[in-house]
Amino acid sequence: MKTTWKDIAPVPTSQEFLDIVLSRTQRRLPTQIRAGFKISRIRAFYMRKIKFTCETFAEKIQAVLDGFPRLADIHPFHKDLLNTLYDADHFRIALGQLSTAKHLIETVARDYVRLVKYGQSLFQCKQLKRAALGRMATICKRLKDPLLYLEQVRQHLGRLPSIDPNTRTLLICGYPNVGKSSFLKNISRADVDVQPYAFTTKSLFVGHFDYKMLRFQAIDTPGILDHPLEEMNTIEMQSITAIAHLRSAILYFMDLSEQCGYSVQAQMQLFQSIKPLFANKLVFVVINKIDAMRPEDLDPETQQALADMCKSDNVEMLQLSCTTTEGLMNVRNAACDRLLAERNAQKLKAGTNASGEVTGRLNDVLRRIHVAQPMGGVVRETFVPDVVKTRVKYDKADPNRITLMRDIEEENGGAGVFNINLKEKWLLENPDWREDKMPEFLDGKNVYDFVDPEIESKLAALEEEEARLEAEGYYDKSEDEVEDAEDADIRYKAELIREKRQLIRNEAKMRKSLKNRAVIPRSKKAVQLEKMERGLEALGHDSTSISERARARSQSRPRGRSEAVEDADMMDVDGGDAPAKHRNSISRAMSRTRSVSRMNRREDGVSNEVARTKAERLHKLGQKKMNRSARQGEGDRHTTASLAKWLTAGKRGNGSTRSSSLSFSVLLCTKYSTPVDEDDGIPVRIHTIADDISNVNAADSAQNGASLPDGDTAAPLECSTLSEGLIVELIRFFNLCDAVDDVAQHRDALNAIANAHYAALNNHEAATNVDMYTIYLDVLTSLDDHIEWFRLNNTAPRNVPEIYRLSSNVIAREEELTAIERDIRARFGAELTENAGAEMVVQFEDVTRDLAINRDGLLARCRAILGMATATPASS
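337 is the number that the UniProt record's numbering gives to position 337 of the sequence shown; each next residue is one higher, with no gaps.
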């Protein structure tokens, strides 16, 4: 049962209520709508606004209604107490107004949602929404007074004490200033204000205390005056409500000294007036302030009237003084004992039927309780030893008292000085052994490890054996005479074993002592051939064959190409002419071949050419997203650094050319790094870059500044760098063509990049480093790949002439490419030999060799295509 209402949420005012709901609607719902949207979308937008606002109002109002107690569901004591404090009619009206407002808001929402469904424009729907929210706001503003009243009720309810109507209760009542609050303060820890004037207590106060391991609650009620119930105020009605509804023991306090301001006759008259409320309850008349006036000190008439009042109503009279605490605990204990007995009797009566049999829940409890009794009706009383009966209670002032360890401690300096002798109570064979000092450790050994009951007999046996050996002359023999050749051999081998073990330990320590040095795996460690030979010879094995095989395998293959086929296992037929014949039989261009042991990943796992083509196309489609984002792979998360605006914007200043080259590079990046549509933008972009390359090369040849399409100008020394940068951008866009399936776009892209690179390579004197060769290598590789694409997609007859035309164009420019390459190699080869190191020269030779191999492969492929055209003239 709920006995307190401290958890009720604060009730906002009407304006705060409105702000909460409307701000929640604004925050939780979208706020943008356009007249160009579909009318169904506009209607749904504003209908959602109206419904959400209605739901928010209903949710908030229902939370307020659920927080307050329902008068029909609570205990009658709490119901009458709320009626006394807040007027139940006003309370119901306030909650009813909130419930009515909730239903009105829901009705408004339903009506306006129905109207918005038929709205013809955004303006009309918006006006209907405004009207709906306006009517809801008006209804909410009318709740100003009910919400304010409920907030005050909530605050007062939170301050009420927690009173349990069903627990063990002592209820204190009487005239004002008779000592009710003083009694409660003395028997419990309740913080009650005690003052020497009337009506200090204006509400119910509760205190708790324990008696016989049970929790009791004592309730201090405000003072009551002797007048009809209709004339009692709110403070007095709280006491009447508690007396009428709480199942408790009533303590009616009286002040016979009349210090409270009311006579004894008036106090007895008040008892007779409220006596109907004491029905079925324990009642005690408590005479307070007996230190000032006792019942025996009253006049005989008053004493007789007081005695008659107690006898007629079967009321027990108790006496106490809160000032001197005389009889205080006796009154509390007597009331608690009577209350416990009464409650047990009522429970037993409720569980007993008319015939006196215990039934129901009480019977189930009693069946589980069993008290064992002696058989045969024998009475067995409790046995108490005589020592306990004759034991004298310890008295510190008695000189003949029992001496305790506490007394010994005080005699020897007290706590912190005196130390208990633990050896005093040891049980040993000889009491004199108690104080002997026995060490725990002797010669570095634990003494308790050598404790043995038979140690004396064993020691005597050892001494006898030692004496016998000495008598027999066992120790007279020298060590050299005893040791023979076999023992010497064993000793020598043992010494070798010890030495070997020590070496192994040292090596292990050295291995473990690696601090910050890398640990080389055993499989990667180089084993010296000489060390292996010495080890085998030490074991008596011949290492000649192993050494010869190791030296034969260590001979490296000569660098470069061999003019003859070097195969030791090849059979010589016709006396050694086979290698020359094999070399002369090759009718194709020399090219670098792959190792036979490697697998052809292009054809591995594919059954036929159609499946391989399909797999390549799917692979290229999968690469489309990464190509669009310019990513190297799925794990590429690189983010380029943004350019500072102060470095890239503004006019060129006097005396500095740094901003020129920087702005020129920025122009290059911004011009060619924008996204490209793979479907129709690649050929156009490639042609644009190719035109820029031609302009730069022409400007470089004329030793003038290059004019870019955006109106900027490049210095002559920057033209070579710009040409290389544009070529790299062209290769990047050309590689994007892999995702394009249209043959015409491939053809346009191929023509554009071929013409642009021929123009750039004709101006090869602008090249200043080996990167030009790498660019040239990328060009040839791209041409080779795209001609292969044409060859694989020649299913349509109209594509075949394009393949032949491109192949003829490549072969026609063979001499031009060879001349350019030879000129560049001759010029830069001499320069690198003079100025660069050996490593740079080797790198240059590798690049040029790969360049020649790719060029030869491209020309061979084109010749093969033209050869096919000659064999099948009908197809062309």
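Among these hints, one or two may not hold up.
Stated by the list, open to error - Quick list of in silico lysine-lysine cross-link-like pairs, PhoX-like style, CA-CA up to 20 Å: (1) Lys117 - Lys60; (2) Lys281 - Lys311; (3) Lys349 - Lys281; (4) Lys60 - Lys102; (5) Lys102 - Lys2; (6) Lys126 - Lys60.
To be verified - Each pair of labels, with its calculated beta carbon distance range: (7) Glu342 - Lys6: 43 to 51 Å; (8) Lys311 - Glu342: 37 to 45 Å; (9) Glu342 - Glu231: 44 to 52 Å.
None of these hints come from the bench; they were simulated from the model.
All C-beta atoms in this analysis are idealised placements derived from N, C-alpha and C, irrespective of residue type, glycine included.
Hints, verified against the model:
At roughly 27 Å between alpha-carbon atoms, lysine 117 and lysine 60 are farther apart than 20 Å, so this suggested pair is violated. For the given pair, lysine 281 sits about 16 Å from lysine 311 by alpha-carbon distance, which is consistent with the 20 Å threshold. With a C-alpha separation of about 16 Å, the suggested pair lysine 349 and lysine 281 falls inside the 20 Å cut-off, and the hint holds. For the suggested pair lysine 60 and lysine 102, the alpha carbons sit about 9 Å apart, so the restraint of at most 20 Å is met.
Restraint check for lysine 102 and lysine 2: the C-alpha separation of about 27 Å exceeds 20 Å, so the hint is violated. With a C-alpha separation of about 25 Å, the suggested pair lysine 126 and lysine 60 falls outside the 20 Å cut-off, and the hint is violated. In this structure the hint that glutamate 342 and lysine 6 lie 43 to 51 Å apart at CB is violated, the actual value being about 32 Å. For lysine 311 paired with glutamate 342, a C-beta distance near 20 Å fails the hint of 37 to 45 Å.
One distance hint, 44 to 52 Å for the beta-carbon pair glutamate 342 and glutamate 231, is violated here, with the actual separation near 33 Å.
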